[in-house]
Amino acid sequence: MTTRDDIETLILRVGTGDRAAFRALYAATSAKLFGVALRVLGDRAEAEEVLQEIYVKIWHNAARYNVNGLSPMTWLITIARNAAVDRLRKLRRADSPAELQERIADPGAGPEAMAIAASERARLATCLAELAATHAEAIRRAYLEGETYAELAARFDVPLNTMRTWLRRSLLKLRECLTR
Amino acid sequence: MSDQDQPDRDEDRILAGEYALGLLSPEAAAAFEARLVREPELRDAYAAWAEDFAAMTGDIAPQQPPARVWAGIEGQLFGAARRRTGLPGHGWLWGGVSAGVAALVLVFGLGIFRPQAPVAPVDAPYLADLAAEDGSLVVQAVYDDATGTLFVARETGAAAPGRALELWLIAGEAAPVSLGVLPEEARGVLDVPEALRDRVDGAVLAISDEPSGGSPTGAPTGAVLAAGPVRGI
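Quick note, the sequences are listed as chains A and B, same order. The first sequence begins at 1 in UniProt numbering and counts up by one. The second sequence begins at 1 in UniProt numbering and counts up by one.
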């Protein structure tokens with residue numbers, strides 16, 4: 001099992017242009033990031049393309065890993081999630097609404113993954129549970145399905161500004177709970 | 001912290017959360033990224049959200065990708081076409097734009113100015129390095145405040161067919177102000193209007209994708225492709 005420190009060391013070495021470290025980082029983390037890309041996109045071919053894009057970004061950005069203060073797996077997962085969501089949004093623009101519904105993947109749970117400590121997941125789940133159920137669902141959909149304010153407003157059948165106000169208030173509540 | 005700061009701090013926390021979820025408009029996200037470059041507290045607020053939201057991926061099962069993905073990555077990065085050998089690109093992690101200065105790259109970049117192209121004075125006091133996160137667009141800018149001249153050198157990438165790259169100055173909280181469309185040639189100069197000259201130091205330069213001839217609205221209308229802070233040399 002690769003530890004957090006191992007991953008961090010690999011990222012730092014990749015930042016110096018170390019290809020062997022890059023290969024090792026890929027071996028240690030690509031299954032998790034592929035899982036994330038598949039979860040967001042719900043399509044293997046698209047997820048494969050995006051995974052390639054993700055590791056190209058990792059190679060190009062590893063030298064700045066320290067700049068933002070993220071933990072190593074969060075840094076990797078954020079790159080993966082953002083790239084997958086960007087791709088999903090491009091696909092959605094090309095899709096009809098019916099196809100869009102099809103594409104939204106089931107939030108299926110899988111076996112334990114190395115990346116995120118169970119305690120962090122529990123903490124987030126507890127704090128999301130303190131929000132109104134629809135608001136927590138909106139935050140999940142924004143993160144994992146890349147849904148925009150407009151899409152969320154349509155889904156929950158409320159005006160756009162109402163959606164935005166809801167979600168912004170929920171974010172503040174969530175932050176208060178998470179820092180408690 | 002005084003009570004007065006609380007609403008601002010709450011607003012920034014909310015904004016950082018919206019940014020981490022990808023809910024901001026492209027313009028608002030670009031403005032947020034410009035602030036991230038120079039506001040450590042905002043970076044902390046963003047980092048806290050990124051950590052917490054990443055926990056949502058905790059129950060996603062790892063899936064082994066097929067071998068062709070790694071082959072594709074190696075081919076793309078290290079294949080014969082690769083030009084920036086051994087130089088990991090630049091890029092802020094947050095969002096699609098990158099910031100930060102690689103002074104060495106800039107110095108070498110200036111060294112390959114064609115003789116007939118405008119050449120930045122070697123003692124110009126300000127520089128900015130604008131790079132897309134994936135390295136697909138890299139532009140270096142050197143600013144001479146004595147003359148208000150901005151020397152731009154497009155190292156990698158170009159406007160999409162029928163589109164233009166437009167350069168924006170983002171000073172503090174102000175809305176982006178256009179500095180003009182980048183020339184089609186790789187190197188050129190842009191004149192910074194007199195009224196803007198004292199706002200360049202510490203500002204952020206950003207490049208957006210725009211219709212040919214530039215944004216019709218006076219504000220960025222397309223994706224922000226690259227950005228970087230202006231720094232004193």
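Mixed in with the good hints there might be a few duds.
[What the hints assert, rightly or not] Restraint-style ranges between C-beta atoms, simulated for each label pair:
#	chain 1	residue 1	chain 2	residue 2	range
1	A	Glu8	B	Ala61	19 to 27 Å
2	A	Arg180	B	Arg68	45 to 53 Å
3	B	Glu11	A	Phe156	39 to 47 Å
4	B	Gly213	A	Arg169	39 to 47 Å
5	B	Pro161	A	Gly42	28 to 36 Å
6	B	Ala146	A	Ala20	34 to 42 Å
7	B	Arg231	A	Cys177	33 to 41 Å
8	A	Gly17	B	Glu194	42 to 50 Å
[Stated by the list, open to error] Covered stretches of chain A (chain B as the covering partner; in silico rule of three or more C-beta atoms under 8 Å from a C-beta of chain B):
#	region
9	3-14
10	24-33
11	36-43
12	74-83
13	132-145
14	170-177
Honestly, the hints are just simulated from the structure, not real lab data. Every residue gets a Cβ at the ideal spot worked out from N, C-alpha and C, and that includes glycine.
Okay, the hints, checked on the actual structure:
Distance hint check: the CB atoms of glutamate 8 (chain A) and alanine 61 (chain B) are about 23 Å apart, consistent with the given range 19 to 27 Å. One distance hint, 45 to 53 Å for the beta-carbon pair arginine 180 (chain A) and arginine 68 (chain B), holds here, with the actual separation near 46 Å. In this structure the supplied range 39 to 47 Å is violated for glutamate 11 (chain B) paired with phenylalanine 156 (chain A), their Cβ-Cβ distance being about 24 Å. Take glycine 213 (chain B) and arginine 169 (chain A): their Cβ atoms lie about 42 Å apart, and the range 39 to 47 Å holds.
For the pair proline 161 (chain B) and glycine 42 (chain A), the beta carbons lie near 31 Å from each other, so the given range of 28 to 36 Å is met. Restraint check, alanine 146 (chain B) to alanine 20 (chain A): a C-beta distance of roughly 48 Å breaks the suggested window 34 to 42 Å. The supplied range of 33 to 41 Å is met by arginine 231 (chain B) and cysteine 177 (chain A), whose beta-carbon atoms lie about 39 Å from each other. For the hinted restraint 42 to 50 Å between glycine 17 (chain A) and glutamate 194 (chain B), the CB-CB distance of approximately 43 Å keeps it satisfied.
Coverage of the region 3-14 of chain A by chain B is violated. Counting CB-CB distances below 8 Å, 1 residues qualify, and the rule asks for three or more. Restraint check on the region 24-33 of chain A versus chain B: 4 residues with Cβ-Cβ distances below 8 Å, three needed, restraint holds. Here's how the region 36-43 of chain A fares: 3 of its residues keep a CB closer than 8 Å to some CB of chain B, so the rule of at least three is met and the hint holds. Three residues within the 8 Å Cβ limit are the bar, and the region 74-83 of chain A against chain B gives 7, so the coverage statement holds.
Given a C-beta distance limit of less than 8 Å, the hint that chain B covers the region 132-145 of chain A holds, as 5 residues qualify and 3 suffice. A count of 4 residues in the region 170-177 of chain A with a Cβ less than 8 Å from any Cβ of chain B is obtained; the coverage claim is therefore met, three being the minimum.
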